[in-house]
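Novice: Spelled out, the chains give:
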Amino acid sequence: MPIPALLLRRIAACFLLVFAAAAPAAAQTAAVPAWRLAEVSRLTYEGEINRRAVADGPRIYFTTRRGWIYAVDTKRRTIDWRFGAESPIFRPPAAAGGLIAAVDEGRMVYCLNADGLLNWSYRADGPAAADPLWLGPRLIVALRSGPVVALNAAHPGEIWRAAFEKDLVISTAIWNGRILCACRDGWVRILDAEGHPAGACDAGGPLAGPLTVEEKRVYAGREDGVLCALDPRDGSIVWRMRIGGEPGAPAFIDGRHLFLSSGNGVLFAMSKNAGDILWWRPLPSRLVFRPLLWRSRVVAASASKVLSSFQPRTGLPAGNTRGRPIGRPTRRK
Amino acid sequence: MNGQLLLHTYDPDAREGTLIFLDPPNMAPAKTGAPIKGAKSP
Chain A
0 MPIPALLLRR
10 IAACFLLVFA
20 AAAPAAAQTA
30 AVPAWRLAEV
40 SRLTYEGEIN
50 RRAVADGPRI
60 YFTTRRGWIY
70 AVDTKRRTID
80 WRFGAESPIF
90 RPPAAAGGLI
100 AAVDEGRMVY
110 CLNADGLLNW
120 SYRADGPAAA
130 DPLWLGPRLI
140 VALRSGPVVA
150 LNAAHPGEIW
160 RAAFEKDLVI
170 STAIWNGRIL
180 CACRDGWVRI
190 LDAEGHPAGA
200 CDAGGPLAGP
210 LTVEEKRVYA
220 GREDGVLCAL
230 DPRDGSIVWR
240 MRIGGEPGAP
250 AFIDGRHLFL
260 SSGNGVLFAM
270 SKNAGDILWW
280 RPLPSRLVFR
290 PLLWRSRVVA
300 ASASKVLSSF
310 QPRTGLPAGN
320 TRGRPIGRPT
330 RRK
Chain B
0 MNGQLLLHTY
10 DPDAREGTLI
20 FLDPPNMAPA
30 KTGAPIKGAK
40 SP
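Protein chains in written order, with numbering that gives the first Met the number 0: chain A, 0 to 332; chain B, 0 to 41.
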């Protein structure tokens, strides 16, 4: 059966459109230098890492979604031990001073020592709403059922609990010995080390994504794609800037610059003082992880087979690696 | 920020993850380029 002339023209038009769209992309790809990275060694483990690893001394600790807590010696590049939880784990652990804590989806909280032995376990009221955090001898866990609880590092049991409405707290962070609780109602509420209210900042809209904290500033993303710089000392907003998406991971701060990957797959370099966007670059995937500055390059990982790097001051491509699946960079300390 | 870069990957078929220790011995320092207007060096 002959192909109608109109259909033939449509097919030709489609090819032309594809060619026209592909040509600039090919030219852009060719301009990005290859980034040669030599593999030193590799380790295998069971399951997928939950977002990031946590460093404490010469080790990093991470959890996997299959319910394992791993300790890896980064100098010897060996797995020192692993601990199996009762249920899957969906959040990274907390590690400080030789204590490692993790929360599983079965509401169990585990506290391990540096040898991987269980100090104690504790059944919470509900699953965790945020990643667990150490604040001195207290393990801070926000629960989806509402409260933020402080657990004793020495033995199982609560030291205090601060009441919040159910599903109000979405993320927590430690700031100058205090606990910042980012809430869905647009407030960042501050608790002191004893769980008492110690201030609040109004971001002006429902919050989403993780907090980024430094000495005098906290950066919080809103659901409407606005990034806010807040001063937790007086509760004021320092600046707001629309970035079009919520933060996909905490920002990396270097001097006066802030590097942030948003949940819509864009890497931003911003002025920390005024919030000006200095440059932005699209990333190959919307599932992004915390960027970092490594050997004079901004390294931006996403759920893609390409690990991109950029020059920190101009945003020009500094090199891509290809040919192997790439995960999330973790800086060894 | 120097030191070693760690990456991790996941194979959903094997349900296995891999932690990769990388080192870039042949990498030249990135050119910083001309500063953009309004930008201040870190």
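Simulated from the structure, these hints should not be mistaken for laboratory data.
Incorrect hints may have been included.
The calculated label-pair distances, taken between Cβ atoms and stated as ranges, are [to be verified]:
no.: 1; chain 1: B; residue 1: 13; chain 2: A; residue 2: 155; range: 14 to 22 angstroms
no.: 2; chain 1: A; residue 1: 203; chain 2: B; residue 2: 14; range: 17 to 25 angstroms
no.: 3; chain 1: B; residue 1: 13; chain 2: A; residue 2: 166; range: 33 to 41 angstroms
no.: 4; chain 1: B; residue 1: 14; chain 2: A; residue 2: 304; range: 34 to 42 angstroms
no.: 5; chain 1: A; residue 1: 254; chain 2: B; residue 2: 14; range: 38 to 46 angstroms
no.: 6; chain 1: A; residue 1: 76; chain 2: B; residue 2: 14; range: 35 to 43 angstroms
no.: 7; chain 1: B; residue 1: 10; chain 2: A; residue 2: 77; range: 41 to 49 angstroms
no.: 8; chain 1: B; residue 1: 10; chain 2: A; residue 2: 238; range: 25 to 33 angstroms
no.: 9; chain 1: A; residue 1: 273; chain 2: B; residue 2: 13; range: 42 to 50 angstroms
Not everything, but these chain B residues come out facing chain A in the computed CB check (under 8 angstroms) [to be verified]:
no.: 10; residue: 4
no.: 11; residue: 7
no.: 12; residue: 9
no.: 13; residue: 12
no.: 14; residue: 14
no.: 15; residue: 16
no.: 16; residue: 17
no.: 17; residue: 18
no.: 18; residue: 19
no.: 19; residue: 20
no.: 20; residue: 21
no.: 21; residue: 22
With a straight-line Cα cutoff of 25 angstroms, these simulated SDA-like cross-link-like pairs (lysine to any residue) come out [as the list claims (entries may be wrong)]:
no.: 22; chain 1: A; residue 1: 215; chain 2: B; residue 2: 3
no.: 23; chain 1: A; residue 1: 74; chain 2: B; residue 2: 20
no.: 24; chain 1: A; residue 1: 165; chain 2: B; residue 2: 9
no.: 25; chain 1: A; residue 1: 304; chain 2: B; residue 2: 15
no.: 26; chain 1: A; residue 1: 304; chain 2: B; residue 2: 10
no.: 27; chain 1: A; residue 1: 165; chain 2: A; residue 2: 118
no.: 28; chain 1: A; residue 1: 304; chain 2: B; residue 2: 14
no.: 29; chain 1: A; residue 1: 304; chain 2: B; residue 2: 13
no.: 30; chain 1: A; residue 1: 165; chain 2: B; residue 2: 20
no.: 31; chain 1: A; residue 1: 304; chain 2: A; residue 2: 265
no.: 32; chain 1: A; residue 1: 304; chain 2: B; residue 2: 17
no.: 33; chain 1: A; residue 1: 165; chain 2: B; residue 2: 14
no.: 34; chain 1: A; residue 1: 74; chain 2: B; residue 2: 12
Computed from a predicted model, the values in this text were never measured in an experiment.
Just so it is clear, CB atoms sit at the ideal spot from N, CA and C, and this is done for glycine as well.
Novice: Does each hint hold? Answer for all of them.
Specialist: Status of the hints after comparison with the structure:
no. : hint                                : result
1   : B:13 with A:155: 14 to 22 angstroms : 36 angstroms, violated
2   : A:203 with B:14: 17 to 25 angstroms : 43 angstroms, violated
3   : B:13 with A:166: 33 to 41 angstroms : 35 angstroms, holds
4   : B:14 with A:304: 34 to 42 angstroms : 19 angstroms, violated
5   : A:254 with B:14: 38 to 46 angstroms : 41 angstroms, holds
6   : A:76 with B:14: 35 to 43 angstroms  : 22 angstroms, violated
7   : B:10 with A:77: 41 to 49 angstroms  : 21 angstroms, violated
8   : B:10 with A:238: 25 to 33 angstroms : 43 angstroms, violated
9   : A:273 with B:13: 42 to 50 angstroms : 48 angstroms, holds
10  : 4                                   : 6 angstroms, holds
11  : 7                                   : 4 angstroms, holds
12  : 9                                   : 4 angstroms, holds
13  : 12                                  : 12 angstroms, violated
14  : 14                                  : 6 angstroms, holds
15  : 16                                  : 5 angstroms, holds
16  : 17                                  : 5 angstroms, holds
17  : 18                                  : 5 angstroms, holds
18  : 19                                  : 5 angstroms, holds
19  : 20                                  : 4 angstroms, holds
20  : 21                                  : 5 angstroms, holds
21  : 22                                  : 5 angstroms, holds
22  : A:215 with B:3                      : 30 angstroms, violated
23  : A:74 with B:20                      : 10 angstroms, holds
24  : A:165 with B:9                      : 34 angstroms, violated
25  : A:304 with B:15                     : 17 angstroms, holds
26  : A:304 with B:10                     : 13 angstroms, holds
27  : A:165 with A:118                    : 29 angstroms, violated
28  : A:304 with B:14                     : 18 angstroms, holds
29  : A:304 with B:13                     : 18 angstroms, holds
30  : A:165 with B:20                     : 41 angstroms, violated
31  : A:304 with A:265                    : 16 angstroms, holds
32  : A:304 with B:17                     : 14 angstroms, holds
33  : A:165 with B:14                     : 34 angstroms, violated
34  : A:74 with B:12                      : 30 angstroms, violated
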